[in-house]
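Visitor: Keeping their order, the protein sequence lines are chains D and Z. Heads up: the first sequence is residues 1 to 353, going by the working numbering. Heads up: the second sequence is residues 1 to 616, going by the working numbering.
Just so you know, these hints were derived from the structure itself, not from any lab. Some clues are possibly wrong.
As the list claims (entries may be wrong) - Taking beta-carbon pairs under 8 Å as the criterion, some of the chain D residues facing chain Z (in silico):
{"id": "1", "residue": "G82"}
{"id": "2", "residue": "N84"}
{"id": "3", "residue": "K159"}
{"id": "4", "residue": "H279"}
{"id": "5", "residue": "T323"}
{"id": "6", "residue": "L336"}
{"id": "7", "residue": "C337"}
{"id": "8", "residue": "P338"}
Claimed, not checked - Chain Z residues, not near chain D, derived (Cβ > 12 Å throughout):
{"id": "9", "residue": "A152"}
{"id": "10", "residue": "T238"}
{"id": "11", "residue": "R264"}
Quick reminder that beta carbons are idealized off the backbone N, C-alpha and C, glycines included.
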Amino acid sequence: MTYLAKPKLLRPDTPRNALGYTKRDYEGSISTLCAGCGHDSISAAVVQACFDLDIEPHRVAKLSGIGCSSKTPDYFLGNSHGFNTTHGRMPSVLTGAALANRDLLYMGVSGDGDSASIGIGQFAHAMRRGVNMVYLVENNGVYGLTKGQFSATADKGSKSKRGVVNNDTPIDLVTLALQLGATYVARSFSGDKEQLVPLIKGAMRHRGSALIDVISPCVTFNNHAGSTKSYDYVREHNEAINRLDVILPKDKITATYAPGELRRIVQHDGSVLHLRKLHEEYDPSDRVGAMNYLQERAALGEIVTGLIYVDSSAEDLHRYLNTVEKPLNQLDDAELCPGSAALHALNESLRGH
Amino acid sequence: MSTVQSLRKCNDFVIKFANINGTGSASANEMFARAVMGMGVPVAPRNIFPSNIQGMPTWYEMRVSGEGWLGRQGGCDMMVAMNPQTWDRDVAELAPGGYLFYDSSKMLPRSRFREDVTVLGLPLTEMCNREYADPRQRQLLKNIMYVGALTALLDMEFAVVEGLIAQQFRGKDKLISANVNALKLGYERAKAELPCPIGLTVQRSNGVGDRIFVNGNDACGLGAVYGGATVAAWYPITPSTSVIEAFSAYCRKFRTDPDNGMARYAIVQAEDELASIGMVIGASWNGARAFTATSGPGISLMQEFFGLAYFAEVPAVIFDVQRGGPSTGMPTRTQQSDLISCAYASHGDTKHVLLFPEDPYECFTLGAQAFDLAERLQTPVFVMVDLDIGMNEVLCKPFDWDDSRRYDRGKVMTAAELEAGKNFGRYLDVDGDGIPYRTIPGTHPTKGAFFSRGTTRNAYAKYSETGTDYVYNMERLRRKLETAKKLVPAPIEQKASLPTRFGAIYYGSTSPAMAEAFALLKAQHIHVDLMRVRGFPFADEVVDFINDHDHVFIVEQNESGQLRMLLINECEIDPKRLIRVLHYDGTPITARFIANRIANVIKESNVTPLRKQVAS
Numbered sequence: 001m002t003y004l005a006k007p008k009l010l011r012p013d014t015p016r017n018a019l020g021y022t023k024r025d026y027e028g029s030i031s032t033l034c035a036g037c038g039h040d041s042i043s044a045a046v047v048q049a050c051f052d053l054d055i056e057p058h059r060v061a062k063l064s065g066i067g068c069s070s071k072t073p074d075y076f077l078g079n080s081h082g083f084n085t086t087h088g089r090m091p092s093v094l095t096g097a098a099l100a101n102r103d104l105l106y107m108g109v110s111g112d113g114d115s116a117s118i119g120i121g122q123f124a125h126a127m128r129r130g131v132n133m134v135y136l137v138e139n140n141g142v143y144g145l146t147k148g149q150f151s152a153t154a155d156k157g158s159k160s161k162r163g164v165v166n167n168d169t170p171i172d173l174v175t176l177a178l179q180l181g182a183t184y185v186a187r188s189f190s191g192d193k194e195q196l197v198p199l200i201k202g203a204m205r206h207r208g209s210a211l212i213d214v215i216s217p218c219v220t221f222n223n224h225a226g227s228t229k230s231y232d233y234v235r236e237h238n239e240a241i242n243r244l245d246v247i248l249p250k251d252k253i254t255a256t257y258a259p260g261e262l263r264r265i266v267q268h269d270g271s272v273l274h275l276r277k278l279h280e281e282y283d284p285s286d287r288v289g290a291m292n293y294l295q296e297r298a299a300l301g302e303i304v305t306g307l308i309y310v311d312s313s314a315e316d317l318h319r320y321l322n323t324v325e326k327p328l329n330q331l332d333d334a335e336l337c338p339g340s341a342a343l344h345a346l347n348e349s350l351r352g353h
Numbered sequence: 001m002s003t004v005q006s007l008r009k010c011n012d013f014v015i016k017f018a019n020i021n022g023t024g025s026a027s028a029n030e031m032f033a034r035a036v037m038g039m040g041v042p043v044a045p046r047n048i049f050p051s052n053i054q055g056m057p058t059w060y061e062m063r064v065s066g067e068g069w070l071g072r073q074g075g076c077d078m079m080v081a082m083n084p085q086t087w088d089r090d091v092a093e094l095a096p097g098g099y100l101f102y103d104s105s106k107m108l109p110r111s112r113f114r115e116d117v118t119v120l121g122l123p124l125t126e127m128c129n130r131e132y133a134d135p136r137q138r139q140l141l142k143n144i145m146y147v148g149a150l151t152a153l154l155d156m157e158f159a160v161v162e163g164l165i166a167q168q169f170r171g172k173d174k175l176i177s178a179n180v181n182a183l184k185l186g187y188e189r190a191k192a193e194l195p196c197p198i199g200l201t202v203q204r205s206n207g208v209g210d211r212i213f214v215n216g217n218d219a220c221g222l223g224a225v226y227g228g229a230t231v232a233a234w235y236p237i238t239p240s241t242s243v244i245e246a247f248s249a250y251c252r253k254f255r256t257d258p259d260n261g262m263a264r265y266a267i268v269q270a271e272d273e274l275a276s277i278g279m280v281i282g283a284s285w286n287g288a289r290a291f292t293a294t295s296g297p298g299i300s301l302m303q304e305f306f307g308l309a310y311f312a313e314v315p316a317v318i319f320d321v322q323r324g325g326p327s328t329g330m331p332t333r334t335q336q337s338d339l340i341s342c343a344y345a346s347h348g349d350t351k352h353v354l355l356f357p358e359d360p361y362e363c364f365t366l367g368a369q370a371f372d373l374a375e376r377l378q379t380p381v382f383v384m385v386d387l388d389i390g391m392n393e394v395l396c397k398p399f400d401w402d403d404s405r406r407y408d409r410g411k412v413m414t415a416a417e418l419e420a421g422k423n424f425g426r427y428l429d430v431d432g433d434g435i436p437y438r439t440i441p442g443t444h445p446t447k448g449a450f451f452s453r454g455t456t457r458n459a460y461a462k463y464s465e466t467g468t469d470y471v472y473n474m475e476r477l478r479r480k481l482e483t484a485k486k487l488v489p490a491p492i493e494q495k496a497s498l499p500t501r502f503g504a505i506y507y508g509s510t511s512p513a514m515a516e517a518f519a520l521l522k523a524q525h526i527h528v529d530l531m532r533v534r535g536f537p538f539a540d541e542v543v544d545f546i547n548d549h550d551h552v553f554i555v556e557q558n559e560s561g562q563l564r565m566l567l568i569n570e571c572e573i574d575p576k577r578l579i580r581v582l583h584y585d586g587t588p589i590t591a592r593f594i595a596n597r598i599a600n601v602i603k604e605s606n607v608t609p610l611r612k613q614v615a616s
């Protein structure tokens with residue numbers, strides 16, 4: 001039950017990050033999702049990523065739509081403000097929030113119904129605008145809260161729990177995001193924390209629209225044979241193109257790589273993305289190549305995961321709008337109100353006589 | 001020949017321009033209106049335009065009123081018929097004894113004219129073709145040429161119009177001389193060939209005073225700047241689009257950081273109205289002042305979000321520039337028909353705050369005040385403009401601003417208060433006024449965070465479907481809306497000169513017509529007390545006013561009597577006591593319409609007006 005607080009028992013040797021916070025400080029209420037739900041692993045990955053990055057929890061704003069996935073922001077970062085908005089409309093609310101205060105980190109949490117069906121319009125336009133955010137899609141191919149209807153990301157030919165075959169062509173949010181101009185695009189699997197945590201970290205240190213499509217099996221309605229979003233199916237068809245490590249300026253680099261094995265990408269804030277290549281020919285800075293690659297692999301029935309595309313010099317909506325550095329929500333009366341003298345001059349120019 | 005006497009009126013007539021849109025006539029017509037005002041005579045011009053960009057009929061109806069009546073009068077004393085497509089209906093619309101000015105370059109059969117009007121023809125096209133080679137110039141300067149002819153016909157001061165041209169094209173000497181030349185050509189040709197002056201004349205007066213001439217949408221945009229709005233999200237829709245254009249222009253002027261040229265504002269053209277209001281809610285939730293501008297169809301699309309903002313208690317300001325509904329309705333015609341869809345917007349039990357500005361002056365003041373109210377009450381506030389005042393230039397009081405005024409940011413708990421251990425319950429009614437405290441994201445590392453949601457929650461913002469929590473919250477919201485009654489702008493009452501059992505309630509753009517109707521009725525010894533409602537939920541004075549009268553006319557510009565419905569519902573008034581005076585054909589309501597309807601009802605009800613008994 002969400003209204004039951006977690007016990008606050010800490011061992012003295014509990015690890016703390018540079019801010020002195022333990023991982024517990026990044027947790028939220030207890031999840032009400034089904035036991036084994038992929039979404040809870042994603043929440044845990046968010047907690048880990050924020051802990052690792054020494055992010056002050058209150059500097060994050062979590063926004064979501066409606067659905068199982070959209071409930072999860074209650075289950076992580078309990079000291080962050082959250083906003084569980086309306087179905088499919090999280091991107092616009094997040095955009096407005098981001099405009100109001102450019103200094104916070106914005107995490108949008110959504111699902112496949114929320115983003116690919118009712119909210120596909122807002123999804124698309126937020127990507128186009130380059131809103132500075134991490135957009136997490138917890139993608140399970142079904143509507144959980146209404147008991148297992150197909151969503152728009154369900155693959156053609158996949159079977160529902162009741163044996164109904166899906167005839168509709170699936171929407172791939174990763175391909176869409178690439179086409180629409182997102183500047184950090186990744187796909188992962190909730191069952192692969194090793195891959196997911198660094199992808200979230202990289203996204204949080206990215207400036208611009210970052211999308212992570214996380215395949216997150218629904219243990220109750222979409223984890224059966226015939227489903228293409230089950231744990232077994234995703235494990236069998238997962239085609240990871242790279243492995244990411246996010247290195248912050250303060251970090252010492254300890255791992256060593258064979259020549260040609262590593263690609264180093266420096267982001268705007270000095271954080272470094274270390275990408276261990278698993279596919280020799282794959283280039284994550286080539287948007288068109290990435291789209292082609294995704295299509296080719298999808299045709300073979302593979303699910304491409306990893307950091308699919310990144311533009312380390314991306315701009316964001318605030319840059320495009322040339323807004324002042326001081327957050328708009330902190331401008332005072334004097335900075336906002338032109339006052340009576342200006343109004344008097346304006347009246348003069350509007351006189352009828 | 002006609003035996004009808006030609007009209008003879010000074011500073012009191014209606015002149016109508018029939019044009020084709022996209023030909024540049026609007027700016028010439030506006031210049032003519034400014035010329036009349038330049039002579040100190042009040043005007044009330046109205047654009048009657050199609051939902052189209054080029055080639056369709058458009059009219060500019062201008063009431064010249066030395067008395068200063070600014071409502072639409074109806075009728076037409078002089079027609080400037082520049083559109084062959086609408087010739088027949090334009091000619092038919094003229095009052096007997098009126099004047100028809102037209103372009104006589106092409107011969108028209110006698111049957112296309114009327115016997116009982118004075119026909120004034122000048123070969124404008126021919127004159128332009130002779131004078132100018134460039135087709136665009138021919139078209140634009142033809143408009144200036146008829147302004148010149150009218151200056152002569154109406155006995156106006158040439159120097160005033162000339163001065164306006166110099167003012168409009170300041171710094172572009174070539175344009176000034178071309179325009180002045182066209183003006184002169186029209187003026188001189190009319191002097192030479194037409195019976196100048198005609199029976200309609202403009203005489204210098206001092207009726208304009210220090211008033212300004214501005215449209216309501218402009219004033220809304222300015223009000224949003226003065227009200228401290230930093231985020232505007234919108235989607236283009238007639239007739240509200242120019243609110244954002246004005247906000248944008250005033251922001252560039254007043255909100256550009258002088259040191260680095262950066263913007264102290266953010267304007268986003270959203271993909272639709274849902275996204276617009278979503279952005280407004282997101283920005284307001286995060287502590288910025290934010291607004292959108294829209295019209296009826298946008299209000300319909302935003303319904304779900306209004307419910308979220310109401311229930312999650314997030315401020316938002318919406319400028320609704322109303323047009324004719326339902327559905328796409330009459331996009332370029334005026335109505336006051338969104339009251340119900342705004343007052344009770346969204347599913348479940350909701351109620352919203354509405355403000356009703358009467359003119360651009362109030363578009364500015366109430367527009368700015370809306371931001372204080374939205375943050376004080378933590379709820380959406382709708383500024384109910386309409387096309388009539390939104391898109392037409394209106395003479396109104398000059399804008400004013402008190403420099404000692406500070407924005408009321410409402411109940412926001414600070415980091416210091418949280419640190420000091422002040423109890424924070426996001427939905428807890430600590431002051432008894434129904435308004436809880438909120439925190440802005442990012443305030444404090446460990447205290448004051450909460451999860452906003454559209455679902456039920458307890459006073460501490462924790463998810464709850466417990467009946468008592470739900471009821472506590474709904475009752476608090478009702479208390480909050482009670483508080484709103486005292487915070488919205490108070491109604492304005494105007495007593496008749498004698499005691500009366502009749503009252504009339506009106507709002508918004510109906511004001512000038514109502515003021516004139518009041519005078520017309522008085523002249524017929526019919527006395528009616530007036531109340532102009534400026535806010536919803538209704539202040540107690542509104543109920544008192546109704547209770548002080550046996551019958552109250554509810555004057556509004558929609559088909560179903562939407563304010564009347566709200567009064568019946570909110571104030572528990574016997575419907576029989578509220579008499580509908582409804583005008584909804586898309587044109588602005590007139591004084592004559594209101595006065596006739598009220599006079600007829602009073603006569604039909606077989607009631608001898610009280611003051612007559614007293615007087616006799």
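Visitor: Would you mind marking each hint as holding or not holding in the structure?
Guide: Hint-by-hint comparison with the structure:
no.	hint	result
1	G82	4 Å, holds
2	N84	4 Å, holds
3	K159	33 Å, violated
4	H279	36 Å, violated
5	T323	5 Å, holds
6	L336	4 Å, holds
7	C337	6 Å, holds
8	P338	4 Å, holds
9	A152	22 Å, holds
10	T238	22 Å, holds
11	R264	5 Å, violated
Consistency with the previously given hints fails for numbers 3, 4 and 11, ordered from lowest to highest.
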